[in-house]
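Q: Residue numbers (our numbering), protein chains in the order written: chain A, 2 to 367; chain B, 125 to 234.
What the hints contain is simulated information worked out from the structure, not anything from laboratory work.
Predicted, not measured: the structure shown is a model, and the values here were computed from it.
Glycine is no exception: its CB is placed at the ideal position from the N, C-alpha and C atoms.
Careful: at least some of the hints might be erroneous.
To be verified - Label-pair ranges, simulated between beta-carbon atoms:
hint: 1; chain 1: B; residue 1: Lys-210; chain 2: A; residue 2: Leu-333; range: 22 to 32 angstroms
hint: 2; chain 1: B; residue 1: Thr-127; chain 2: A; residue 2: Ala-344; range: 34 to 44 angstroms
hint: 3; chain 1: B; residue 1: Thr-127; chain 2: A; residue 2: Val-338; range: 49 to 59 angstroms
hint: 4; chain 1: A; residue 1: Val-323; chain 2: B; residue 2: Lys-175; range: 47 to 57 angstroms
hint: 5; chain 1: A; residue 1: Glu-60; chain 2: B; residue 2: Phe-168; range: 34 to 44 angstroms
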Amino acid sequence: MTIGIGGAGSKIATALNPDATVINVSETELGKIPEAGRRILASLHHAGGQFRGSRKDPEIGREAFQSLRRELSQMARGDLVFSSTGGGTGNGITAALIEELTNLDEEIQPSQKTQFALILPFAKLEPAEFTRNTIAILGGPVSQAIDSGSTGNIFLFSNRLKFESRLREDRFNRMIADSLSVFQAVPEKNDTLGLLDGHIDYEDFAHYISRPFFNHFTYFDYNPSASFAGQLAANPNPLLLPPESPIEALFLLEVPAGGDPTAFYEILEYFAKIDVSPVYSVVENPERTKPFVTVSLLYSRKPAELLDDFNRISDEHTQAKVRKSLEQHIQLPKLEVNLREHAEREAKQRGAGEDVLSVLKRLGKL
Amino acid sequence: MSTLFDEQVSFLAEDHFLVLYWAAQSEGAGVRYNITNCFDDLKFSGMTRTKQTAMATVAALAALRFVDLRDEGNRKNIYITTHGAKALRQLVLEKAFSPKPSLHLKGIAS
Chain A
2 MTIGIGGAGS KIATALNPDA TVINVSETEL GKIPEAGRRI LASLHHAGGQ FRGSRKDPEI
62 GREAFQSLRR ELSQMARGDL VFSSTGGGTG NGITAALIEE LTNLDEEIQP SQKTQFALIL
122 PFAKLEPAEF TRNTIAILGG PVSQAIDSGS TGNIFLFSNR LKFESRLRED RFNRMIADSL
182 SVFQAVPEKN DTLGLLDGHI DYEDFAHYIS RPFFNHFTYF DYNPSASFAG QLAANPNPLL
242 LPPESPIEAL FLLEVPAGGD PTAFYEILEY FAKIDVSPVY SVVENPERTK PFVTVSLLYS
302 RKPAELLDDF NRISDEHTQA KVRKSLEQHI QLPKLEVNLR EHAEREAKQR GAGEDVLSVL
362 KRLGKL
Chain B
125 MSTLFDEQVS FLAEDHFLVL YWAAQSEGAG VRYNITNCFD DLKFSGMTRT KQTAMATVAA
185 LAALRFVDLR DEGNRKNIYI TTHGAKALRQ LVLEKAFSPK PSLHLKGIAS
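Required output: the full structure, derived from the provided sequences and hints.
A: In structure tokens form, the structure reads like this:
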């Protein structure tokens, strides 16, 4: 099952799975999701009814989490949760959920671990609050979750491609959903297509996605006569943040009917060089005309390093804001200082300056 | 008459000179100078510690018609007269006393 939290999370979750459960604090926002398996309105103590969102304030999301705490932490077991890190609802509820999972007394079974797909803002063009909220969730709950191993894979999607290629939102959401579907189809292909070497059954796959690391997956047409390292470097998944050096890996090689299945040794060698033993499977897919590989890398880049970019851009935002408000609110008068007049005024203050007689003359007293 | 004037001027003390000087400076700067300012200045210059003395100095100058005391609002403001101006000129030219800064003028100017 899939769960979408907040506006962005809900839209992507339903794009991947029309039966997804969507959660929001605003009825209006919930109504914007055309199809969903179940809609949950997280309650807020608000007298005016719940027709407003959380207005980029994660505290509102955290408060709302309390109303569905027990239900959500049970429901999220073994599921994939979508959420953006910029807004208030997704960030607040997800942060609280991750904390809840991290602080559980019981050990969570691997098959019960929750995977998270977090959509990070494109800091350059999105509001400064989004950047701030992202820094807070990555530096806090996500970092703790990776350290404690309380979650499954975490996918870090970035809005960069959307803004740089000026994509329609629904199209971009569809791209994320389609991309994830390719990765999630790995065990099914292993099961239904003719197996040539290795194997990744549902159990292996479930174990892999329950590992508490960041997951970067990608897929491309594989040319067995060229180096795998070069092809992998040239074909990262543009929707995800670039990976760090992997700790674990998984790949599925699909070869056309009658194709050479031994091409996978080159891939194994590549991973052996970087001390990773991947889980892999080679299948024959008659629909393919060229070998096609789906690769996933698990890495645990420290969120602190991950935050650097966001912090830098947040600083720039702040500086620009301060500069603007200075320009708008403070008028600095132009000071024209005449040194001679200034010296005379100083001398007058000391009582030694202007001759008292000239003063008296000026006053007409003499 | 001029002998009397010279004698009057020659008997003026430093505090009288300072009050005339400060009154002239204040009028030159376009600010009012009242008895309280005068007392503060005399105290700051170390001439006196009591308001009575300051009052006596001003009263003596007023009696000699060197200054004019005017009730304005609830303040007694000091204005230098033409006689006072002449007396001050004489004292300045004789270099009888050296001027001291006025706290009042300084406060306004700074």
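Q: Could you tell me which of the numbered hints above are not met by this structure, giving the numbers in increasing order?
A: Of the numbered hints, 1, 5 do not hold.
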